[in-house]
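Novice: Hey, can you work out the whole structure from these sequences and the hints?
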Amino acid sequence: MANATTNASDTMVGMSMNRTDEQVSPDPAATNDVVFRVRDLSVYYGEFRAVQDVNLDIRQNEITAFIGPSGCGKSTVLRCFDRMNDLIDSARVEGEIHYHGIDLYSPNIDPVEVRRRVGMVFQKPNPFPKSIYDNLAFGPRIGGIKAKSQLDEIVESSLRKAALWDEVKDRLKSSALGLSGGQQQRLCIARCVAVEPDVILMDEPCSSLDPIATARIEELMKEIVQDYTIVIVTHNMQQAARVSDRTAFFTTEVNPDGDRRTGRLVEYNPTAKMFSNPDDERTEQYVTGRFG
Amino acid sequence: MALSTPATMGGAAARDLTAALTRRKFDLRSKVVEFVLVSAMALALLILLTLIVDLVYRSASVWSDRPWDFLTGNLNSQNAAAAGVGQAIRGTLILCVIVVVVAFPLGIACAVYLEEYAGNSRFARLTQTNVRNLAGVPSIVYGLLGLAIFVQALSGVTGGRTVFSGGLALSALVLPIVVITASEALRAVPRSIREGALGVGATQWETIRSHVLPSATPGILTGTVLSLARAAGEAAPILLVGAATGLLRTGDQGIWQQLRGPFTGLPVSIFSYARQPGQDFRSLTAAASLVLLVLVLMMNGVSIWLRNRYERKW
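In order, the protein sequence lines correspond to chains Y and D.
Using this note's numbering, the letters of the first sequence map in sequence onto residues 1 to 292.
Using this note's numbering, the letters of the second sequence map in sequence onto residues 1001 to 1314.
The hints are simulated quantities; they were obtained by calculation from the structure and are not laboratory data.
Heads up, a few of these hints could be off.
What the hints assert, rightly or not - Simulated pairs of lysine to aspartate or glutamate, DMTMM-like, Cα-Cα distance not exceeding 20 Å:
(1) Y:K124 with Y:D110
(2) Y:K173 with Y:D152
(3) Y:K130 with D:D1069
(4) Y:K173 with Y:D134
(5) Y:K130 with D:D1054
(6) Y:K130 with Y:D170
(7) Y:K161 with Y:D134
(8) Y:K124 with D:E1195
(9) Y:K161 with Y:E218
(10) Y:K146 with D:E1206
(11) Y:K146 with Y:E167
(12) Y:K222 with Y:E62
(13) Y:K161 with Y:E62
(14) Y:K173 with Y:D198
(15) Y:K130 with D:D1280
(16) Y:K173 with D:E1311
Specialist: What follows is the structure, encoded as structure tokens:
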């Protein structure tokens, strides 16, 4: 617990937030500190409730996977962690998400500061239409780093972390759009890493990549999780089984009070348990391919 | 196994398949459509070409007798031998500069606000609808607006019937067009670019300045320069604001005096010469029209050049 607080204050510098007292999770398997604590989370798009009553803890230096059929709300929940849902006018969040014990949706939280600490890698690689160097330097530059030598260093170390340095070191000034899909996605991961975030959110990062590029990204995730906390949404159950420490299974249910389907969290457990001996029957059906 | 359909299918079936795959019907309908489309394009080109050839032919005497004199001469609706378009060219160029300085930044700023900040509020939708309506308002109405506001109400600033008032009236005319074209260019910037920038902790303004505006620049430039060509060709607004149609003498003046002095523009000169009787003035009308046409084509050329220049090379 004391450890969590130290970590929090390290990453929280410059953030104006209300601290709330944190409770130690009763989960006996929990060894790492809680980064995100989600309680009774529901997300609405206008009148439509996309996902409801989600409760889970995301732990530090772990890879947490969200799996489930389309429309089950796993991306919606993921996008709450860096306040990306704020960009959608009609989106509304109920319940609580605490980030290192701080209420993420408190009115005095600045979403920009949240996103500096909680980076995101998107489904489709989205490098900026600029050079490889400028893609990586953008984040540090807006963070106030101006010195060329320092930027050079960040660019190199980020590319190394993303296992892309050797492939692009001779063409840092050429367009990022000239890279292959897998390289572009690793560039996006490097761009994320360049601002030294605390958490990296990945929204189906491999869905547009071939198996070889996918394997490289997975390898990369396992390497960098020593320094970061990773939450990944995936349609690919094998991927979740291969890379993640914990898995959350979401599914959709018809609302009793309406005909639209709402996402719900069915089960959240260590990945090994989820794929061998899940608590919920629906999880077992899903992971064995009999449902969803 | 290699494809050996005829062998496996048997004679008759194979012949039918061959016939079906090789049949070439003369597709009359698509030929007719293609012909109609090509004719439409040819007609459009022919009209433009006829116009240019006709103007060149009718203005030939001006270009052979006194080309330089004409291009630098003063507006003169009495004496065709002394008349020229020097002041008109300068007037039109000054008008364009005023439009660039006033309407472009204002219009682009409006578009950025409407697209990036206003969201989907009722106010934003109402404004967008009305901007579209404004773009359809006849130019002479903007002339009346210019007369009432810039010439009369703001005469202390503009000096009354001056090139400054004319430029402001034209700026009001093209402002809605600039807003619409810039909005469309901004809307075309993919959402993923914005998310990428916001995702590494950029503020909204940093995202717009570093990624959205640069990506939208080619589209914005194309639209705005085309609207400038429209402003250069308008006669009605600047006539109402008070562009000179008769005799205009401009001596050596500083730029401020020139901005607050009487003026004329190419479309007004054309109008002015076209009203005069006689073969000489007819040639002058054609020659002035040709100058305006070349000026407008040059602006369109600049717009294409800018688009290619700023288009992302990747």
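Novice: Of the numbered hints stated earlier in the document, which are not met by this structure?
Specialist: Per hint list: 1, 3, 5, 11, 14, 15 violated.
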